[in-house]
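Engineer: Hey, can you work out the whole structure from these sequences and the hints?
Order-wise, the sequence lines are chains L and H.
Reading the first sequence from the start, the letters are residues 1 to 82 in this note's numbering.
Reading the second sequence from the start, the letters are residues 83 to 164 in this note's numbering.
These are calculated hints, taken from the structure and not from any lab test.
Because the structure is a prediction, the values reported are computed rather than measured.
Heads up, some of the hints might be wrong.
Ranges between beta-carbon positions, derived for each pair [stated by the list, open to error]: (1) 95(H) / 57(L): 36 to 42 Å; (2) 128(H) / 27(L): 36 to 42 Å; (3) 33(L) / 155(H): 39 to 45 Å; (4) 33(L) / 149(H): 41 to 47 Å; (5) 18(L) / 128(H): 26 to 32 Å; (6) 163(H) / 73(L): 16 to 22 Å; (7) 31(L) / 153(H): 25 to 31 Å.
Mimicking EDC-like on lysine to aspartate or glutamate, the simulated pairs with C-alpha atoms at most 16 Å apart in a straight line are [said to hold, decoys possible]: (8) 85(H) / 127(H); (9) 3(L) / 128(H); (10) 3(L) / 59(L); (11) 3(L) / 136(H); (12) 85(H) / 45(L); (13) 3(L) / 98(H); (14) 85(H) / 31(L).
One-sided and incomplete, this derived list gives chain L residues near chain H with beta-carbon spacing under 10 Å [said to hold, decoys possible]: (15) 16; (16) 19; (17) 33; (18) 34; (19) 36; (20) 40; (21) 41; (22) 42; (23) 48; (24) 50; (25) 73; (26) 77; (27) 79; (28) 81; (29) 82.
Note that beta-carbon positions come from the ideal geometry of N, C-alpha and C, so glycine has one too.
2 protein chains.
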Amino acid sequence: MSKFMDVHRGMVGITDQQLREAHAADTAIQDEEGVTFEHAWADPDDGVVYCLSEAPNADAVQRIHQRAGHPADEIHPVPLTV
Amino acid sequence: MSKFMDVHRGMVGITDQQLREAHAADTAIQDEEGVTFEHAWADPDDGVVYCLSEAPNADAVQRIHQRAGHPADEIHPVPLTV
Numbered sequence: 001m002s003k004f005m006d007v008h009r010g011m012v013g014i015t016d017q018q019l020r021e022a023h024a025a026d027t028a029i030q031d032e033e034g035v036t037f038e039h040a041w042a043d044p045d046d047g048v049v050y051c052l053s054e055a056p057n058a059d060a061v062q063r064i065h066q067r068a069g070h071p072a073d074e075i076h077p078v079p080l081t082v
Numbered sequence: 083m084s085k086f087m088d089v090h091r092g093m094v095g096i097t098d099q100q101l102r103e104a105h106a107a108d109t110a111i112q113d114e115e116g117v118t119f120e121h122a123w124a125d126p127d128d129g130v131v132y133c134l135s136e137a138p139n140a141d142a143v144q145r146i147h148q149r150a151g152h153p154a155d156e157i158h159p160v161p162l163t164v
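Structural biologist: The structure is reproduced here in structure tokens:
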């Protein structure tokens with residue numbers, strides 16, 4: 001399992017409720033790909049959302065995000081953490 | 083105090099030790115601006131580093147990063163967290 005940081009753009013104006021619903025849509029199905037979405041942070045002004053997950057690979061992260069209706073624009077493995 | 087996610091690019095090949103030293107350089111002086119750097123995640127292949135902090139404003143985050151020798155390329159307030 002590895003850590004990933006993925007990035008969603010074009011989310012200008014996202015609300016707290018929308019972020020929670022999007023995260024819930026991910027976590028509802030994440031077990032099917034062995035993914036654990038740990039946190040998400042949103043900047044509604046610039047429309048950027050960052051998601052931190054633990055997953056077998058980046059494709060698994062993307063499959064969950066796609067099925068939940070919000071594919072990521074970037075998915076970065078982040079093997080280094082402090 | 084607010085949460086911020088900042089992004090550093092061009093860090094291709096960054097090592098675990100370099101990430102720890104960079105983070106330590108930030109935390110050594112962060113109190114002078116009322117900033118708390120909580121975590122950093124690095125993708126050495128794409129050369130991207132993400133830093134999560136709590137700070138009075140984005141300028142304070144940048145002043146610490148600049149003085150520590152690694153100014154951020156982007157600093158996003160992330161008022162929404164899950």
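Engineer: Would you pick out the hints that fail for this structure and give their numbers low to high?
Structural biologist: Numbers 1, 2, 3, 7, 8, 11, 14, 17, 18, 19, 25, in rising order.
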